[in-house]
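Here are the chains, one letter per residue:
Protein chains: 2
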Amino acid sequence: MRPVYYEDGALKLIDQTLLPTEEVIRSYTDYRKIGEAIVTMVVRGAPAIGVTAGYAVYFAALEFKKEPIATFRQKMKEACDYLRGTRPTAVNLFWAIDRMSTVIEKAEPQDPETITAQLKEEADAICAEDIAMCRAMGKNGAALIHHGDTILTHCNAGALATADYGTALGVIRAAMEAEKNISVYADETRPLLQGARLTAYELHKDGIPVTLITDNMAGWMMKQGKINCVVVGADRITRNGDVANKIGTYSVSILAKEHHIPFYVAAPTSTIDFDMLSGDDIVIEERPSDEIKWIKGQQIAPDGIRFENPAFDVTPHQNVTAIITEKGVVYPPYFRSIPKLRQDQ
Amino acid sequence: MRPVYYEDGALKLIDQTLLPTEEVIRSYTDYRKIGEAIVTMVVRGAPAIGVTAGYAVYFAALEFKKEPIATFRQKMKEACDYLRGTRPTAVNLFWAIDRMSTVIEKAEPQDPETITAQLKEEADAICAEDIAMCRAMGKNGAALIHHGDTILTHCNAGALATADYGTALGVIRAAMEAEKNISVYADETRPLLQGARLTAYELHKDGIPVTLITDNMAGWMMKQGKINCVVVGADRITRNGDVANKIGTYSVSILAKEHHIPFYVAAPTSTIDFDMLSGDDIVIEERPSDEIKWIKGQQIAPDGIRFENPAFDVTPHQNVTAIITEKGVVYPPYFRSIPKLRQDQ
Numbered sequence: 423m424r425p426v427y428y429e430d431g432a433l434k435l436i437d438q439t440l441l442p443t444e445e446v447i448r449s450y451t452d453y454r455k456i457g458e459a460i461v462t463m464v465v466r467g468a469p470a471i472g473v474t475a476g477y478a479v480y481f482a483a484l485e486f487k488k489e490p491i492a493t494f495r496q497k498m499k500e501a502c503d504y505l506r507g508t509r510p511t512a513v514n515l516f517w518a519i520d521r522m523s524t525v526i527e528k529a530e531p532q533d534p535e536t537i538t539a540q541l542k543e544e545a546d547a548i549c550a551e552d553i554a555m556c557r558a559m560g561k562n563g564a565a566l567i568h569h570g571d572t573i574l575t576h577c578n579a580g581a582l583a584t585a586d587y588g589t590a591l592g593v594i595r596a597a598m599e600a601e602k603n604i605s606v607y608a609d610e611t612r613p614l615l616q617g618a619r620l621t622a623y624e625l626h627k628d629g630i631p632v633t634l635i636t637d638n639m640a641g642w643m644m645k646q647g648k649i650n651c652v653v654v655g656a657d658r659i660t661r662n663g664d665v666a667n668k669i670g671t672y673s674v675s676i677l678a679k680e681h682h683i684p685f686y687v688a689a690p691t692s693t694i695d696f697d698m699l700s701g702d703d704i705v706i707e708e709r710p711s712d713e714i715k716w717i718k719g720q721q722i723a724p725d726g727i728r729f730e731n732p733a734f735d736v737t738p739h740q741n742v743t744a745i746i747t748e749k750g751v752v753y754p755p756y757f758r759s760i761p762k763l764r765q766d767q
Numbered sequence: 423m424r425p426v427y428y429e430d431g432a433l434k435l436i437d438q439t440l441l442p443t444e445e446v447i448r449s450y451t452d453y454r455k456i457g458e459a460i461v462t463m464v465v466r467g468a469p470a471i472g473v474t475a476g477y478a479v480y481f482a483a484l485e486f487k488k489e490p491i492a493t494f495r496q497k498m499k500e501a502c503d504y505l506r507g508t509r510p511t512a513v514n515l516f517w518a519i520d521r522m523s524t525v526i527e528k529a530e531p532q533d534p535e536t537i538t539a540q541l542k543e544e545a546d547a548i549c550a551e552d553i554a555m556c557r558a559m560g561k562n563g564a565a566l567i568h569h570g571d572t573i574l575t576h577c578n579a580g581a582l583a584t585a586d587y588g589t590a591l592g593v594i595r596a597a598m599e600a601e602k603n604i605s606v607y608a609d610e611t612r613p614l615l616q617g618a619r620l621t622a623y624e625l626h627k628d629g630i631p632v633t634l635i636t637d638n639m640a641g642w643m644m645k646q647g648k649i650n651c652v653v654v655g656a657d658r659i660t661r662n663g664d665v666a667n668k669i670g671t672y673s674v675s676i677l678a679k680e681h682h683i684p685f686y687v688a689a690p691t692s693t694i695d696f697d698m699l700s701g702d703d704i705v706i707e708e709r710p711s712d713e714i715k716w717i718k719g720q721q722i723a724p725d726g727i728r729f730e731n732p733a734f735d736v737t738p739h740q741n742v743t744a745i746i747t748e749k750g751v752v753y754p755p756y757f758r759s760i761p762k763l764r765q766d767q
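Respectively, the protein sequence lines represent chains W and B. Our numbering puts the first residue of the first sequence at 423, with every later residue one more than the last. Our numbering puts the first residue of the second sequence at 423, with every later residue one more than the last.
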């Protein structure tokens with residue numbers, strides 16, 4: 423399942439706003455429209471956004487490549503600035519655009535046609551590297567999954583959040599490919615229901631048995647012995663092993679600890695913020711209250727009340743059994759094991 | 423806020439299926455229509471259903487009181503049997519109908535007019551006793567709430583679930599009346615959203631500050647020190663202090679324990695099953711998966727996947743700081759303190 427890919431001269435995106443009830447693949451050749459697709463969350467998930475932005479820069483170059491080099495460079499700068507503004511918090515977006523900008527600066531000879539060809543290669547490389555990273559992570563993580571395990575996951579750290587295969591769901595796919603006879607419980611993940619809409623959809627599509635539960639059922643499933651381990655993704659990991667991830671991950675980590683169930687985090691090393699000492703320093707994005715008050719156009723709560731809607735929470739490193747990366751699995755004490763991942767870079 | 427009351431010769435019900443976006447009071451004089459209102463959850467909450475059923479039996483008697491006594495008794499038996507079938511698991515439903523049936527049997531003289539008058543008195547008594555019990559529980563529980571506390575509650579154990587005032591929300595109302603300057607966090611309570619639709623609605627209506635969160639945010643709010651105690655209702659309490667309540671209550675109890683926050687259960691002694699030794703023996707109702715898959719007519723999950731939808735879970739007595747009843751507050755060890763409540767009956 424590839425939510426973003428290049429085919430027949432166009433960028434293809436699965437419209438994730440319509441999943442799971444409609445499967446629509448949209449086709450783009452205008453970088454402005456690709457930017458709009460990022461804003462409106464046709465594509466979401468930090469790695470998938472990065473890959474999308476890479477191709478968006480390439481399509482901008484295709485549009486401007488008949489211009490003189492000075493004009494071309496100016497137009498490309500404007501296009502990159504526009505794309506940077508689409509999702510202000512997705513780190514991979516800036517990282518991908520920076521990589522593309524570096525190609526523009528470094529290309530030899532400095533002519534638009536050459537630069538455009540090299541940008542296509544770089545966009546393809548970002549995409550291919552993302553998939554390779556997910557595959558490596560999956561292989562490393564699958565070693566932690568036992569035959570017959572039932573795995574709980576939260577939110578969507580799946581193929582739909584990356585170029586393919588996924589991070590947490592990559593581990594699950596790799597365990598499936600290793601014929602471990604696994605099954606999955608997916609938390610629906612209110613308010614935006616990524617678990618119900620995306621995780622359940624992509625696992626079912628891949629033939630992996632998936633049971634959907636509401637977020638408040640996870641503890642009760644654990645109590646009944648129905649869950650053997652938890653695997654989630656991460657939005658940011660600090661140097662001490664604290665993990666920022668979708669709201670609700672922190673609660674799941676406490677429930678796992680209470681029931682003596684391993685709690686694994688799967689994330690590429692690019693997610694690790696080696697310069698941030700602990701999760702206490704992570705600023706949590708507060709999102710609009712209408713995400714809670716309305717579901718698919720239906721009002722479910724009264725007017726006039728107060729809401730809180732933090733998009734993420736921070737799971738302390740004490741609750742994390744292991745962190746699965748493309749370079750290997752690291753264990754506590756993380757203040758020792760995590761810095762070693764940087765040395766390997 | 424009274425979800426069920428007798429006025430001007432009719433039974434009035436707030437249509438809870440339309441809350442919080444529409445406030446509609448429906449008027450009933452036909453016991454069959456009242457039965458339908460229970461089935462379709464126009465009225466819900468075990469105590470409120472009991473009160474409703476009491477009046478339904480009275481309206482049946484009004485309809486049949488011109489019949490000869492033998493016919494009257496036969497018709498009343500059929501009406502009671504019909505009403506018993508409306509919600510098979512609500513204990514208060516059977517309890518209220520049994521009380522009304524006893525009036526029919528014991529009335530002197532045995533004539534339909536006299537019996538009908540006595541049934542009205544009994545229905546009024548069931549209603550009045552429920553309110554008195556909630557008020558007593560509220561007063562007992564309010565003593566546990568400190569000035570300035572922020573209280574987390576789950577589901578709706580409110581006025582809307584009783585004849586008035588509520589159980590868990592009765593404690594909150596009593597603390598408010600005692601000018602303790604409290605505020606409330608309400609879990610939205612998926613899948614049926616009783617927290618969002620009903621608890622937030624009735625607290626806001628009463629001027630009690632309420633913040634709505636999704637179920638998966640409770641742990642993160644506790645981590646940030648925003649919650650001082652938890653108060654929930656109960657569907658059944660066993661002799662050892664185990665508490666069956668709305669799904670998600672068990673997880674909240676673990677989160678409270680992890681954060682050293684008191685976890686209180688407010689329920690009348692009629693909720694205590696003195697003959698059941700522990701929560702292990704409670705059968706948990708599994709409800710239709712469409713309650714998760716659809717929200718207000720909108721499909722949020724793919725076809726073809728598996729769902730689990732337990733309506734309740736069981737919180738072990740070890741996680742319960744105290745149980746608030748109309749007869750007083752009881753503490754661990756519950757196997758000693760709970761049987762004493764029975765002796766007082």
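The reader is advised that the hints may include incorrect statements.
Simulated coverage check for chain B against chain W, where a stretch passes if three residues somewhere in it have a Cβ under 8 Å from a Cβ of chain W [what the hints assert, rightly or not]:
| # | stretch |
| --- | --- |
| 1 | 564-572 |
| 2 | 609-620 |
| 3 | 665-672 |
| 4 | 740-749 |
Please keep in mind that the hints were generated in silico from the structure rather than gathered at the bench. For every residue, glycine included, the Cβ atom is placed at its ideal position computed from N, Cα and C.
Against the structure, the hints:
For a cut-off of 8 Å, the count of residues in the stretch 564-572 of chain B with a CB near a CB of chain W stands at 0, and the three-residue condition is violated. Remark: the stretch 609-620 of chain B is confirmed as covered by chain W, as 8 of its residues place a Cβ nearer than 8 Å to a Cβ of that chain, reaching the required three. Counting residues of the stretch 665-672 of chain B whose beta carbon lies closer than 8 Å to any beta carbon of chain W gives 3, which reaches the threshold of three, so the coverage claim holds. As drawn, the stretch 740-749 of chain B meets chain W at 0 residues by the rule of a beta-carbon pair under 8 Å; below three, the given contact is violated.
Hint compliance for this structure: hints 1, 4 are broken, all remaining hints hold.
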